[in-house]
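Produce the complete structure using the sequences and hints provided.
The listed protein sequences derive, respectively, from chains A and B. Start counting the first sequence at 1; every next residue gets the next number (our numbering). Start counting the second sequence at 1; every next residue gets the next number (our numbering).
What the hints contain is simulated information worked out from the structure, not anything from laboratory work. A virtual CB, placed ideally from N, CA and C, is assigned to each residue, including glycine. Any given hint might turn out to be false.
Result set (DSS-like, lysine-lysine): computed pairs, CA atoms no more than 30 angstroms apart in a straight line [as the list claims (entries may be wrong)]:
| id | chain 1 | residue 1 | chain 2 | residue 2 |
| --- | --- | --- | --- | --- |
| 1 | B | K95 | A | K286 |
| 2 | B | K189 | A | K35 |
| 3 | A | K28 | B | K95 |
| 4 | B | K95 | B | K189 |
Here are the simulated distance ranges between beta carbons [as the list claims (entries may be wrong)]:
| id | chain 1 | residue 1 | chain 2 | residue 2 | range |
| --- | --- | --- | --- | --- | --- |
| 5 | B | V22 | A | L14 | 55 to 61 angstroms |
| 6 | A | M88 | B | R43 | 42 to 48 angstroms |
| 7 | B | S79 | A | R123 | 41 to 47 angstroms |
| 8 | B | R43 | A | D31 | 40 to 46 angstroms |
| 9 | B | A255 | A | D118 | 41 to 47 angstroms |
| 10 | A | K28 | B | Y139 | 31 to 37 angstroms |
| 11 | A | R79 | B | A25 | 47 to 53 angstroms |
| 12 | B | A174 | A | G165 | 53 to 59 angstroms |
What the simulated footprint calls covered on chain A by chain B, stretch by stretch (three residues with Cβ under 8 angstroms from a Cβ of chain B suffice, anywhere in the stretch; the number is not a length) [claimed, not checked]:
| id | stretch |
| --- | --- |
| 13 | 7 to 13 |
| 14 | 20 to 31 |
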Amino acid sequence: MKRSNDLLVGGVVLTVIVALVAGILWVKQTDIAGKRDETVAHFRDVGNARVGNSVVVRGVVAGRIEGIELAPEGWVNVRMRLDPSVQMPSDPVVLLNESSLFGDWQATIVERRALPNDASLLRDVADASRDRGVLPGASQPGIGKLTAVAGQIAGDVASVASRFGTAFDDSAARALHASIRNVADLSTTLRDIAQSHASDLDTLSGQLRGAVTTLNRAAGVVEITARRLDSASTSDQVRLLVDNFSQASAELRRAATQVRDLTQRLQTTQTRAESFLASGDSVLTKMNRGQGTLGLLLNDPSVYRHADSVLSELHTLAADIRANPKRYISVRLF
Amino acid sequence: MTTLLIPIERLGGATSAGIEAVGRAARFVGESAASVRDASSWRGQVVLQLRRLGVDSLPIAAFIALFTGIVLALLASYSFTGAVPLYFVGTLVEKTITLELAPVLTGLALAGRVGANIAAELGTMRVTEQIDALETLGYDPLAFLVVPRVIAGVVMFPVVVAAAMVIGVAAGAAASVLLLDLSSAEFAKGLRLFFQTFDVRYGLVKSASFGAAVTFVGSAAGMRATGGAVGVGRACTRAVVYSAVLILVLDAFWAITWLLGRSAT
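Here it is, written out as structure tokens:
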């Protein structure tokens, strides 16, 4: 009984230990018999790569990362175990990158000429290529960095949206609504105007077209004239023309001076005439009011009648004097 | 005035009772540890206890692990649908089984089976005065009865839990391949993605502490049983309840002391 217990317990313990160890070795893909080749790559930074991550060649898993160690001069050495049957590219470079959006990384062995056109990446690879005996490597930015940048942008957008929300209150919305309505009215009015003036615009455009034609023609004439002027300038005719022009302008300056004097005199005469007219107006006003002798003469009919009768009597008197001078004139010498 | 003092008196009584219980337990553990030196008393009993507590517990542990692995795989696929790649089922099954479910569920199951068994056996021996007879014959009852059980618990709980881990992960893999649209390679990819030997180490150390707790509590409850069959029944109940509580407390203790601040990758 005791022996069977010993056997049973020993068998169970051994079985469980073997099963557990075998499971762990299988999960960790441990190279028990040393069948795999070890390859070392050289990196400045390994990102989130971890021991156990896959090594991929042309999209096929060909091994795993066996170890990650810090090396002198700021390098990080990554040891990889690869299947011996894997044929490496002619000029291999190791890229560490994310294999999915969920944080798992992988080491991808690619040919140097197949590297992505990224200046930073190419610089890192060139830097890592100086050491012989190890593969050059570089790590590509992870989704974490990209999402951090995207998060920053989203924060900025949220800030702008918040400010817009603060500024765009109810009154601003009402003002905007009114503005939109005004713009709508304006567009309607403009449409009506455009419709009503469509024929005018056609006419105008026709006229403009004609004007443009005329201008073209005038430009041609100007060009001909310019050509003539050009030819004239070569035979001193222009200088003669300029001399004549200066003489004419001097005469014009003199004439202008005379005109200015004449204008001043005319202004003086006008002032006097205005004064005279004002006086005359005053006299006429008084006459119209019946003031003064002339006013009485003009406005009082009795005066006229008296004056007329006086004149009539003066006529009669003059006739009587002519007929009978002696009655009125007596000449005595002594 | 006396009415006001009653609650304070009760509080004081409860506190002193709690301290006494802790002291008794500590003394029991200390005396048991001291009894380890008496190897001639316990050496002959260890293998028997290894078989009774460990090997005989394998079927129930395997049964629990089998269904836990299946349910966990289906639960993971249900939760991941459309959002997370399905190969993460392997990751979730591995992490959950090795870190938590295999040690805790197996520990709770064994708390019922092993803890109650020890409490009933030792309690019956106590109430029938067999332990007194041992003392009369010059045997150290702790060395003869408690130490082999505790050693068996500390040794076999990790073995049973290790078996549960293997069976649970295998059941999860089988369920993923047979019931879900997941290939074995994809399951293995998820399994390997974040696997660390630490996960297994953590689960096994935790289960060893559970084994010690369950066997100590069961032994203490049985050794202190009084009052015939009723007292034995009470001892069994106390052993199971205290063991289960202690397992959860220890689970939290290990998580805080060993997992906190540690990266999963």
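Against the structure, the hints:
no. : hint                                : verdict
1   : K95/B x K286/A                      : violated, 129 angstroms
2   : K189/B x K35/A                      : holds, 21 angstroms
3   : K28/A x K95/B                       : holds, 14 angstroms
4   : K95/B x K189/B                      : holds, 13 angstroms
5   : V22/B x L14/A: 55 to 61 angstroms   : violated, 39 angstroms
6   : M88/A x R43/B: 42 to 48 angstroms   : violated, 59 angstroms
7   : S79/B x R123/A: 41 to 47 angstroms  : holds, 43 angstroms
8   : R43/B x D31/A: 40 to 46 angstroms   : holds, 42 angstroms
9   : A255/B x D118/A: 41 to 47 angstroms : holds, 42 angstroms
10  : K28/A x Y139/B: 31 to 37 angstroms  : violated, 48 angstroms
11  : R79/A x A25/B: 47 to 53 angstroms   : holds, 50 angstroms
12  : A174/B x G165/A: 53 to 59 angstroms : holds, 55 angstroms
13  : 7 to 13                             : holds (count 4)
14  : 20 to 31                            : holds (count 6)
In terms of the numbered hints stated before, the structure departs from hints 1, 5, 6, 10, listed from lowest to highest.
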